[in-house]
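Undergrad: Spelled out, the chains give:
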Amino acid sequence: MGTTNGDQPDINLLDRLVDINLSEAQIKEVLEGRAASLASTEDEARDESTTSQYVTFRLEQERYALEVCLVEEIQPVKKMTSIPCTPGFILGAVNIRGRILPVVDIKSFFGLSPSELKPSSKIMVVATGEIHVGVLADQVEEVLDIALDDIKAQIETLSGSSEEFIVGITEEAVIILNLAGLAQDKRMIIHEDV
Amino acid sequence: MSLSEEQIMQQLMSTFKDEAEEHLEVINKQLLELEKNPSGETQELLQEVFREAHSLKGAARAVEATAVETCAHSIESMFAAAKRGELSLGPAEFDLLYEGLDFMTTALSAAVEGTPAPDQIGLQRRLSSVLAKCATDQNSARVPAPEAKQAPIEPKPSQGPGPETTPAPKKGGSAEETVRVSTRKLDALMTHVEELLVSKIRTEQRVAELKSLRNSLQEWQKTWQKKRSAYDKLRREPREDNREIITFLGENQENLKYFWSHTNSLLQEFSKDSMRMSLITEELQEDIRRARMLPVASVFESFKRTVRDLARQQGKQVNLVICGTETELDKKLIEGIKDPLMHIIRNSVDHGIETPEIRVAAGKPAAGTIQLSASQQGNGIKIEVEDDGAGIDCEKIRAKAQAKGMISAQEARSLSDDDARLMIFQSGFSTATKVTSVSGRGVGLDVVKTNIEKLNGLVTVTASPGGGTRISLSLPLTLSTSRVLLIEVSGETFAVPTTSVERIVRANAEDIFTVGDKNVIQIEGRSISLVGVSDVLELPAKLKKGGSSKLPVIVLGAAEKRVAFVVDSLVGEMEIVIKSLGKMLSRVRNVSGATVLGSGQVVMILNVADMIKSARGVSYRSAASDRTATEAGTKKSVAVLVVDDSITTRIMEKNILESAGYRVTMAQDGVEALETLKQQHFDLIVSDVDMPRMNGFELTTRVKESDELQELPVVLVTSLDSAADKAQGLECGADAYIVKHSFDQRDLLDTIKQLV
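Those protein sequences? They're chains Z and B, same order as listed.
Per the working numbering: the first sequence = residues 1 to 194.
Per the working numbering: the second sequence = residues 1 to 756.
Because the hints were derived from the structure by calculation, they are not lab data.
Everything numeric in this text was worked out from a predicted model, so none of it was measured.
Errors might be hidden in some of the hints.
As the list claims (entries may be wrong) - Per the computed footprint, the stretches of chain B lying under chain Z, defined by three or more beta-carbons under 8 Å from a beta-carbon of chain Z, are:
(1) 194 to 201
(2) 601 to 608
Claimed, not checked - Below, computed lysine to aspartate or glutamate pairings styled on DMTMM-like, alpha-carbon distance capped at 25 Å:
(3) Z:Lys118 - B:Glu675
(4) Z:Lys79 - B:Glu575
(5) B:Lys338 - B:Glu326
(6) Z:Lys78 - B:Glu326
(7) B:Lys226 - B:Glu204
(8) Z:Lys78 - B:Glu195
(9) Z:Lys122 - Z:Glu192
(10) B:Lys338 - Z:Asp193
(11) B:Lys449 - Z:Asp193
(12) Z:Lys118 - B:Glu492
(13) B:Lys227 - B:Glu254
(14) B:Lys331 - B:Glu195
(15) Z:Lys107 - B:Asp669
(16) B:Lys382 - B:Asp339
(17) B:Lys726 - B:Asp683
(18) B:Lys227 - B:Glu240
To be verified - Negatives, chain B to chain Z, calculated, CB over 10 Å:
(19) Glu204
(20) Glu384
(21) Arg587
(22) Lys726
Glycine residues also receive a C-beta, built at the ideal position from the N, C-alpha and C atoms.
Looking at chain Z on its own, in the form it has when it is part of the complex (with noise of 0.2 Å):
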């Protein structure tokens, strides 16, 4: 995935050492040296713990937003097939590699006005727990921090169950998906019976 952290150098670090023949004293020391930045970035970061990463993606006017972690891949919309005797907001299945991928509409799950497939429409592979499914996107966008102090619990209007699917929305009204709280809904679990 696409986190980088900018901490990899260190075995190149290390054969840099090496190629200048330094003294093992000295390797020591820049060792050393290295490892108290490292030390010190760590501590930082846990100053900023209260920022995560956020996906962001567009699904006509609104713009939506998932957890990094929660998203494996993002793929372009192939052939999807239609599965019959389902709620209108799955929109079918595709083939990620051999493996069958549900694919949902959120906005249609929302009860909006269901999205249209386009040719810049992605697919968003997203898990959490045992639920693989991909999320349509018109649009992937870009990859954010986002302090969970700038995400505004609830907006005035939305109320009491509306909380189970979205953590909070931005100044940029930028909706945060709650994914976990999505797969946990009875309506997204299909158990039908004849």
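Here the structure of chain Z is known, so what remains is to put chain B in place on it, guided by the hints.
TA: Same frame as chain Z, but now just chain B:
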């Protein structure tokens, strides 16, 4: 880091569960063996069973499953004492040991689930008292040369280590090395190989394309040969203005030769590579498929214990004879047949085998025999349970089924004996005069059939030559592949397992009759109800072009029921790999799974048992009746547009309106509502007032100002409960104004009813 520790613990637990189950199974099996020949050469068996108990104890200690550990320790001590000859294992001891095993099985699942272990004080006290007794026996028996006492029972010298030393490794050096691999990993491998199969098919497609490219080049060359004389003539008499083109044609001749030979060798090399890849891929698939296979022994062995306990409980004598235990089946199938087989065997002991007195009176041996066998048959596996008991009284079944209203008198008369026997698998059927706690007949047996059918299997019941009953289960070798018929319905392709397809016909219009509101088709003199696959799957029916063409009809059967289904067209038959739709779609009506075709296209596999059940609710609509149905449909359903920026309110209103029979579309603000209104026709708007971008007042004003929409009723639902707001709402033209405080669904529904 606590999370990963938890994960490690979880992993450890699941490994422990597998291992402990294995130990328990072996101990169980060996105990039965020991019990059978109490006077035989038991020393070797005792040694093995002691080792198993010891390993189990060690494993339990490692994961701190104390209850299992304590019990395993006591059992281990009992075996150790028996091995030393200090404890003789009689019926009471065996019962206690079995009880211990059962306890450990329960304690094991409790440990795995993290729930408190069951109470074991009583059991532990009894175990301890047995051990204490043999300890005193040991002391008193010490004096008369214990070595001499041990010698005759231990024919082989150096038979394993002493009582309390570490056990030797389970298997000798010659045994194959094994690694425990989770089925999840095997499933993942299988998925990758299947994807490789898709690539293989695509590669073969490329070979064909390359071949046609080479053939085109060959054609070109032939054409060139024909024009050769014209070219030669041109070359001999060149004119100044076409000299250049003549040179170019000469070069082209060389180029063509070059391309042809290169394409040709590329094709040959590529064909070879493709062929090799195909071979290896297929081998790989077969190997992985085989890696998932287990011998049925693992399930069969566990029934020995069931039969023993049941027979003892009922004062019957039953021998369970097992054959074909080496037959291999897919792990999923093995798990799937365990419960159904258990029911069948319990039923055999409970109702099939008679008490010794009755048997002797009937001239049979006092002990009954149940034979459990597995064998490979063609592309499948056959598992049979045959008993030499009293058999099934078919007349009694006919009478009972008729009395219960399950079949008519006429059906009862025409029912064949085998079909009558099959009735015992119908739910709610029971011929047992008393329902015992053990087999609970009628409850268990219908589960057998459903479960076996879920595994694409088939159940049949026949009379065995000896007068008893033989129940056969036919199962596919693996769950993962199946032969299917591909059909096309409403523009979509679906797969139907060929095992359920009884017949394919092209029906004429005159073969179809209407009985009541149902359609019936005559096939070879039999009337079968006819429905459209599109109706069952709730898909839009495709309008038929012309009326003269024959309808493709497939007759599908599950158990005793069959229904004819109209399809749009038949595509073909093929072998496919069955895939699940995932945890989210754990059970979809009429769909059992999906598969990926060579082209990468996903195709749904239909669930025939479901379709036959669903077919009862629908009937095949001809084009004419279809039209009237849709007309009636539009007349009835009123289209409502719900506008609200709150998801909760939207969904709540949607649910209220839909359950009242309205067709609901939603928009989240005034702007989106106006957009939607341009695209679709609506009969009514229900809107919130306070919304971003465009509020409800403005939306109402816009609607009422518009030429096309001004007749459209608007209901404002809001939390603004001031007289001024109400006035503003009505001023801008709203037809009704409902305040959320007083929001009650009757209120909304009544208002809407008045307006449309």
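Undergrad: Look at each hint and say if it fits the structure.
TA: So, going through the hints one by one against the coordinates:
Using a Cβ-Cβ cut-off of 8 Å, 3 residues of the region 194 to 201 of chain B lie near chain Z, which meets the minimum of three, so the contact claim holds. Only when three residues or more bring their CB closer than 8 Å to a CB of chain Z does the claim for the region 601 to 608 of chain B stand; here the count is 4, and the claim holds. Annotation: proposed proximity of Z:Lys118 to B:Glu675 holds, straight-line Cα distance about 18 Å (limit 25 Å). Restraint check for Z:Lys79 and B:Glu575: the C-alpha separation of about 22 Å stays at or below 25 Å, so the hint holds.
Pair hint B:Lys338 plus B:Glu326 holds up; C-alpha atoms about 16 Å apart against a cutoff of 25 Å. For the given pair, Z:Lys78 sits about 45 Å from B:Glu326 by alpha-carbon distance, which is inconsistent with the 25 Å threshold. With a C-alpha separation of about 33 Å, the suggested pair B:Lys226 and B:Glu204 falls outside the 25 Å cut-off, and the hint is violated. Distance restraint check for Z:Lys78 and B:Glu195: the Cα-Cα separation of roughly 16 Å lies within the 25 Å cut-off, and the hinted pair is therefore satisfied.
Distance restraint check for Z:Lys122 and Z:Glu192: the Cα-Cα separation of roughly 29 Å exceeds the 25 Å cut-off, and the hinted pair is therefore not satisfied. At most 25 Å may separate the alpha-carbon atoms for a hinted pair to count; B:Lys338 and Z:Asp193 meet this at roughly 23 Å. Straight-line distance between C-alpha atoms of B:Lys449 and Z:Asp193 comes to about 17 Å, which keeps the hinted pair within the 25 Å bound. For the given pair, Z:Lys118 sits about 21 Å from B:Glu492 by alpha-carbon distance, which is consistent with the 25 Å threshold.
Of the supplied pair hints, the one linking B:Lys227 and B:Glu254 holds, its CA atoms being roughly 15 Å apart against a limit of 25 Å. The straight-line distance between the Cα atoms of B:Lys331 and B:Glu195 is roughly 22 Å, inside the 25 Å bound, and the hint therefore holds. A distance of roughly 14 Å separates the Cα atoms of Z:Lys107 and B:Asp669; the hinted pair therefore holds under the 25 Å criterion. Restraint check: the Cα-Cα separation between B:Lys382 and B:Asp339 comes to about 16 Å, which is no more than 25 Å; the hinted pair holds.
With a C-alpha separation of about 23 Å, the suggested pair B:Lys726 and B:Asp683 falls inside the 25 Å cut-off, and the hint holds. Restraint check for B:Lys227 and B:Glu240: the C-alpha separation of about 21 Å stays at or below 25 Å, so the hint holds. With a cut of 10 Å on Cβ distances, B:Glu204 stays outside the contact zone with chain Z, its closest approach being about 18 Å. Consistency note on B:Glu384: stated as away from chain Z, and its beta-carbon is indeed over 10 Å from all of that chain's, at 31 Å minimum.
At the 10 Å boundary, the C-beta of B:Arg587 falls inside the reach of chain Z, the nearest C-beta of that chain being 4 Å off. The Cβ of B:Lys726 lies farther than 10 Å from every Cβ of chain Z, with a closest approach of about 20 Å, so its non-interface assignment holds.
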